[in-house]
Amino acid sequence: MPRTILSIALLTMTSAALAADSTWPKRIPAPHGEVILPTERDEKSYEQYRYATIRRVDDTLYLSGLIIGRAPDEGTDVAAFKVQARRGLERLRSRLEAAGAGFKDVVMINSFHVWQGPNFSGTRDEQFNAFEEVIGEFMKPPYPAWTAVGTTGLLSDGGIVEVQLIARVPGK
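Read in order, the letters of the sequence shown are residues -19 to -1, 1 to 153 in mature numbering (1 follows the signal peptide of the UniProt record, and there is no 0).
Since the hints were made in silico from the structure, they are not lab data. Each hint should be verified, as a subset may be incorrect.
Stated by the list, open to error - Derived pair list, reagent style SDA-like, types lysine to any residue, alpha-carbon separation capped at 25 Å:
{"no.": "1", "residue 1": "Lys85", "residue 2": "Pro123"}
{"no.": "2", "residue 1": "Lys85", "residue 2": "Ala52"}
{"no.": "3", "residue 1": "Lys85", "residue 2": "Ala33"}
{"no.": "4", "residue 1": "Lys63", "residue 2": "Ala129"}
{"no.": "5", "residue 1": "Lys121", "residue 2": "Thr41"}
{"no.": "6", "residue 1": "Lys7", "residue 2": "Tyr43"}
Said to hold, decoys possible - Quick list of the computed label-pair ranges, beta carbon to beta carbon:
{"no.": "7", "residue 1": "Ser26", "residue 2": "Thr133", "range": "18 to 28 Å"}
{"no.": "8", "residue 1": "Gly152", "residue 2": "Thr57", "range": "38 to 48 Å"}
{"no.": "9", "residue 1": "Gly131", "residue 2": "Arg68", "range": "30 to 40 Å"}
Backbone N, C-alpha and C fix where the C-beta goes; we use that ideal spot for every residue, glycine too.
Work out the full structure: start from the sequences and follow the hints.
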């Protein structure tokens, strides 16, 4: 009897967790497509700051910029930046997957780099080379178009690079 009760309790907890997770991503109908909000955090940003994490228009996905930055306890050298970049690209992968896409579907990257700032101690070339190396871990040929722009700051104080993606996903 106790084993049965434990089994029922575990099944109930697992079912509740799966039900909670099934609310994401949220999809909001929009002209020519939809807004896709992969997480609760994205929904809060949508409501508070009036921007969509992902906007689908016909067969094209527009992913708002994701800021890659340094956590308070992380270093500012090239090795630390590579860890931060990987973390950011994993988040971008999750966003693409929430929209039914992957890095193979990306046709355009726009990246905005703070070359000189307190969150990265290397040179512009060191930052870009490290970022390009990490991008290569996630993207394989044929590569997307890419524009990289230098800037003096990003919305997040800890931000080093902001990455915006455009992807094409036919058939929806």
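Each hint tested on the structure:
Between lysine 85 and proline 123 the alpha-carbon distance is near 8 Å, which keeps this suggested pair within the 25 Å criterion. Straight-line distance between C-alpha atoms of lysine 85 and alanine 52 comes to about 29 Å, which puts the hinted pair past the 25 Å bound. The suggested pairing of lysine 85 with alanine 33 holds, with an alpha-carbon distance near 22 Å, which does not exceed 25 Å. Among the hinted pairs, lysine 63 with alanine 129 is consistent with the structure: their alpha-carbon atoms are about 17 Å apart, no more than 25 Å.
Simply put, lysine 121 and threonine 41 have alpha-carbon atoms about 20 Å apart, close enough for the 25 Å limit, and the pair holds. A threshold of 25 Å between alpha carbons decides the hint, and for lysine 7 with tyrosine 43 the separation of about 16 Å falls inside it, so the pair holds. Between serine 26 and threonine 133 the C-beta distance comes to about 23 Å, which sits within the given range of 18 to 28 Å. Checked against the hint of 38 to 48 Å, the pair glycine 152 and threonine 57 passes, with Cβ atoms roughly 44 Å apart.
For glycine 131 and arginine 68, the Cβ-Cβ distance of about 22 Å falls outside the hinted range of 30 to 40 Å, so the restraint is violated.
Violated hints for the displayed structure, listed by number in ascending order: 2 and 9.
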